[in-house]
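These protein sequence lines are chains A and B, in that order. Read in order, the letters of the first sequence correspond to residues 22 to 181 in this note's numbering. Read in order, the letters of the second sequence correspond to residues 35 to 696 in this note's numbering.
Derived from the structure by calculation, the hints contain no laboratory data. For glycine and all other residues, C-beta sits at the position ideal for the given N, C-alpha and C. It is possible that some hints are incorrect.
[To be verified] Among the chain B residues that face chain A by a calculated CB cut under 8 Å, a handful are:
1) E319
2) Q321
3) K336
4) K341
5) V345
6) D348
7) I405
8) G489
[Stated by the list, open to error] Among the chain A residues that face chain B by a calculated CB cut under 7 Å, a handful are:
9) E51
10) V70
11) I104
12) Y169
[To be verified] Simulated restraints on C-beta separations:
13) I374/B with E170/A: 56 to 62 Å
14) E178/A with Q383/B: 56 to 62 Å
15) Y28/A with D348/B: 33 to 39 Å
16) R320/B with E152/A: 20 to 26 Å
17) E170/A with D362/B: 49 to 55 Å
18) Y28/A with G384/B: 52 to 58 Å
19) L453/B with G75/A: 56 to 62 Å
20) G75/A with Y310/B: 44 to 50 Å
21) G75/A with I367/B: 43 to 49 Å
22) I374/B with Y28/A: 57 to 63 Å
23) G75/A with S451/B: 53 to 59 Å
24) I367/B with S129/A: 25 to 31 Å
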Amino acid sequence: MFTSDIYVRGKYASWLKFLSEKTEKNDKSEKVAGVFKRDIDVYLTAAIVGLNFGLRREADNSPDKAKIHVDTVLKEQDNLTFIFRIAMLVDNSTGLNADEKINRTFKSPDTPENMELFNSYVRGGIEWLYEQFTEGTTTKDDYLAKIYEIVDSFNSELIV
Amino acid sequence: MLIKQITLSNFRQYKEKQVVEFSCDKEKNVTVILGDNTSGKTTLIQAFNWCLYGLTSFKTRELINSESLQEMGLYSTNEVSVEVELQHEERLYVIRRTQTVTKNEANRAPTFARPTLKVEYQEANGEMQEIPSIEAQNTVDKILPEALSGYFFFDGEHIADINNKGNVVSAVRGLMGLETISEAVDHFDPQKANSVISKLHKELDIGQDQKDAQLKVSLSTAKEKLQSLEQRKTQVENEINYFEERKKELDAKILANAATKARQEEKIRIERDLNYLQGNQETVERQIVRDFTKDSYKFFAKSLYAKVYKVIADAKQDGEGIPKMHSDSIEFILKRGKCICGADLTLNQGAVNNIRYEQSLLPPQHIGTEIREFKRDCQRAETEVEDYAEVVKSDYIRMRENANQIDDKRSQLAELSRLLQGNVDVGKFERDNVENEKQLKEKRMLLVNISSSIGENKNQIQSLESTINGLQVATEKNKKINSYIAYATKIYEWFKQSYDKSEKDVKEDLYTSINDLFSQMYHGQRTVEIDDNYHITLKVDNGKGIFVNDTSPGLDTVKNFAFIAGIVDLARKKAQTKGNELEGIQYSSEPYPIVMDAPFSNADDKHIANISKVLPQVAEQVILVVMNKDWEYAQSNMNNKVGMLYQIEKHSEIKSSIRRNG
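Model the full assembly from the supplied sequences, consistent with the hints where possible.
Structure below.
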């Protein structure tokens with residue numbers, strides 16, 4: 022698990038690129054928000070955000086594609102596994118009980134169904150993030166203000 | 035010169051005082067003194083020579099009369115003297131030579147004192163004036179130079195030699211008055227080492243002129259340089275004035291625009307701050323992205339941890355396995371049959387069962403341990419993001435503050451720009467001022483250097499002028515000497531031309547005169563030739579060519595008479611024309627008498643007659659001391675010219691006297 026390249030496809034790939042600073046670094050002409058350092062940072066956070074808001078999205082097969090190289094994947098393997106486990110434990114979409122969730126998470130996690138489930142949350146999270154950073158934001162200031170806004174808002178909700 | 039009289043006292047055989055007056059009459063200009071051989075004719079001629087020049091050709095030294103000498107007693111003094119009275123250049127001279135003889139010891143010869151010469155001349159008032167003794171001989175030499183005397187006082191026996199003497203040239207020149215100008219020519223002749231011109235050349239300070247010229251070139255160069263330096267100095271002073279004025283202007287402008295300057299400085303400061311803030315903005319922006327990205331999934335997972343913990347809690351598999359122990363580790367212990375405590379497991383099935391239970395709690399068979407570790411990871415993550423929101427917030431605040439400051443600065447800048455709009459750039463004035471100061475400093479340094487160069491230059495000029503002035507003395511001297519040399523050369527050329535012309539004239543005149551006289555004296559067909567040394571030769575023209583042939587003593591006598599008569603004639607003619615020449619140099623010349631002893635010795639009667647006829651015509655005065663037999667031939671031709679006639683009477687071998695006849 023998490024031992025090869027990760028591909029994000031279609032509009033989610035485009036949105037992921039919009040959110041990643043790396044895109045701007047690779048191509049100065051690209052107009053992006055660039056609020057995450059790397060593509061994988063978007064991927065990690067998007068999975069959590071998708072879980073948080075219960076957002077799952079089907080894969081999109083339009084041609085755009087974002088590839089997270091295996092080197093980066095292996096480097097972030099622990100974090101990816103950590104998030105994957107959270108997802109497998111928290112997801113209620115299939116009506117599993119606690120023991121079943123534990124088994125799915127720790128005994129037989131590496132199944133195509135599980136990965137698809139995980140990636141559907143990733144896509145949901147990417148969409149949410151994309152929406153956040155494109156709603157009423159056009160300048161760098163706006164994007165950065167939006168970071169604060171999202172964090173502050175999320176934090177406030179937690180406190181409440 | 036005319037000889038008026040001669041007085042002999044105690045002179046040779048003339049013991050008594052003998053006074054012989056000579057005829058000075060213009061027509062009867064001949065005085066004849068007759069005598070026989072050994073009567074004292076030659077003594078008379080010698081008396082002239084002794085009186086005038088202190089010379090005699092006697093074989094015996096004593097001049098005093100032998101009788102008188104013998105008669106001298108012990109401690110007595112006697113005198114011998116000859117006195118000649120003559121007229122020269124219209125002045126009467128009395129020339130007297132005296133020798134004192136003293137006898138102080140018996141049986142011994144008397145002492146002969148050195149002869150003394152006394153020369154007196156008659157002044158206009160008739161009184162006689164003595165010439166200082168030191169000048170006496172000189173005066174005589176001026177009247178008739180000794181070198182020439184032989185041509186006027188001579189004995190006939192030696193007449194044959196008269197033209198062969200080495201000093202004929204100088205004698206002729208002297209007589210013709212050429213000697214003086216010849217000496218003058220020599221005196222100036224540049225070829226002669228001691229001439230005026232040579233001496234002047236020696237006095238020239240050679241080399242100084244060239245040095246002087248070089249120094250003058252240097253001086254001229256130095257003066258030109260000074261002029262150029264002074265021009266440059268003025269130029270630089272003007273430039274300094276300009277820069278000083280410019281400084282005043284700029285200072286005034288800077289002062290007047292002090293407020294503007296402050297605003298401009300403020301603007302610069304704000305621009306600098308703005309630059310910093312903008313740089314800072316980028317930093318905080320990067321910071322917020324970095325802080326947001328780092329641990330963002332842990333933060334957003336905050337609301338999920340509780341759910342994770344609940345699932346774990348709800349699950350039955352919560353047995354505690356040995357931490358970090360793996361099922362394979364237990365399997366290894368069981369297989370070797372020996373516990374880590376050392377107990378033999380093969381003998382204790384109860385222990386093995388317990389171990390098998392513990393094994394069941396371990397991964398991979400048991401996931402409890404993994405779950406617990408995961409739970410702890412979650413708890414750790416939760417802790418790690420406690421400050422996450424604060425950090426992002428603080429980043430954001432910093433970013434906002436920075437952005438606000440940027441906005442403020444921009445507003446200030448805009449305001450300042452508005453205020454400064456249309457105002458001069460004081461900074462430019464200040465930059466100009468700095469540049470101006472730099473120029474001013476450079477120019478002042480330049481002025482100091484130029485002034486220093488001017489000083490050096492002036493010193494050099496002063497030094498050169500001083501050296502040139504020093505040389506000037508020498509140069510002036512050279513200038514003078516060169517002008518003297520030019521004058522002297524002109525004088526030399528003038529003398530030389532005049533002399534050459536005169537000598538040529540003299541020679542021609544002499545040639546004419548001698549030939550004329552010779553033809554009067556000689557009764558043959560010969561002619562006389564004169565060479566450059568005034569030596570004369572006789573030539574015969576026989577119709578087939580001119581040739582020289584042998585002569586006889588008689589013919590030589592005639593020839594030499596012609597020569598002497600020619601010279602005397604020429605001198606007389608010159609004296610007559612004296613003062614009438616309009617051009618050229620006037621020469622001193624004086625008619626001279628001829629005093630001859632036995633002139634006709636070698637001449638035949640016909641020649642004697644001819645000579646007697648010619649001599650009184652050419653000479654101003656003729657004094658003949660002649661033998662009675664010769665006089666017979668001359669008398670007929672000369673008689674009417676004779677003004678005085680004397681007869682020498684011989685009383686003994688040591689005593690004669692002169693008696694006037696008629």
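Hints and how they fare:
1. Annotation: E319/B was flagged as interfacial toward chain A, and the flag holds, the nearest CB pair being 6 Å apart, inside 8 Å.
2. A cut of 8 Å between beta carbons decides the hint on Q321/B: the least distance to chain A is about 10 Å, and the hint is violated.
3. Here the hint on K336/B is kept, as its CB sits about 6 Å from the closest CB of chain A, short of 8 Å.
4. The closest approach between the C-beta of K341/B and any C-beta of chain A is roughly 5 Å, which is under the 8 Å cut-off, so the hint is satisfied.
5. Checking V345/B against chain A: minimum C-beta separation of about 5 Å stays under 8 Å; hint holds.
6. With a cut of 8 Å, the hint placing D348/B at the interface with chain A holds, because the nearest CB-to-CB distance is about 3 Å.
7. For the restraint placing I405/B at the interface with chain A, the shortest Cβ-Cβ distance is roughly 6 Å, inside the 8 Å limit, so the hint holds.
8. A least Cβ separation of about 71 Å between G489/B and chain A goes past the 8 Å threshold, and the interface hint is therefore violated.
9. Taking 7 Å as the C-beta contact cut-off toward chain B, the hint placing E51/A at the interface is violated, the least distance being around 16 Å.
10. With 7 Å as the threshold, the beta carbon of V70/A comes within range of chain B, its nearest partner Cβ sitting at about 5 Å, so the hint holds.
11. Interface restraint check for I104/A: the shortest CB-CB distance to chain B comes to about 6 Å, inside 7 Å, so the restraint holds.
12. The beta carbon of Y169/A is positioned within 7 Å of a beta carbon in chain B (closest approach about 4 Å), and the interface hint is therefore held.
13. For the hinted restraint 56 to 62 Å between I374/B and E170/A, the CB-CB distance of approximately 58 Å keeps it satisfied.
14. Between E178/A and Q383/B, the C-beta spacing of about 59 Å keeps the proposed range 56 to 62 Å intact.
15. The given range of 33 to 39 Å is respected by Y28/A and D348/B, whose C-beta atoms sit roughly 35 Å from each other.
16. Between R320/B and E152/A the C-beta distance comes to about 24 Å, which sits within the given range of 20 to 26 Å.
17. In this structure the hint that E170/A and D362/B lie 49 to 55 Å apart at CB holds, the actual value being about 51 Å.
18. A hinted range of 52 to 58 Å for the beta carbons of Y28/A and G384/B is consistent with their spacing of about 56 Å.
19. Distance hint for L453/B and G75/A: a CB-CB separation of about 60 Å, consistent with the stated range 56 to 62 Å.
20. As the Cβ distance of G75/A to Y310/B is approximately 47 Å, the hint placing it in 44 to 50 Å holds.
21. Against the hinted window of 43 to 49 Å, the Cβ-Cβ separation of G75/A and I367/B comes to about 47 Å, which satisfies the hint.
22. Between I374/B and Y28/A the C-beta distance comes to about 48 Å, which lies outside the given range of 57 to 63 Å.
23. A hinted range of 53 to 59 Å for the beta carbons of G75/A and S451/B is consistent with their spacing of about 55 Å.
24. Against the hinted window of 25 to 31 Å, the Cβ-Cβ separation of I367/B and S129/A comes to about 28 Å, which satisfies the hint.
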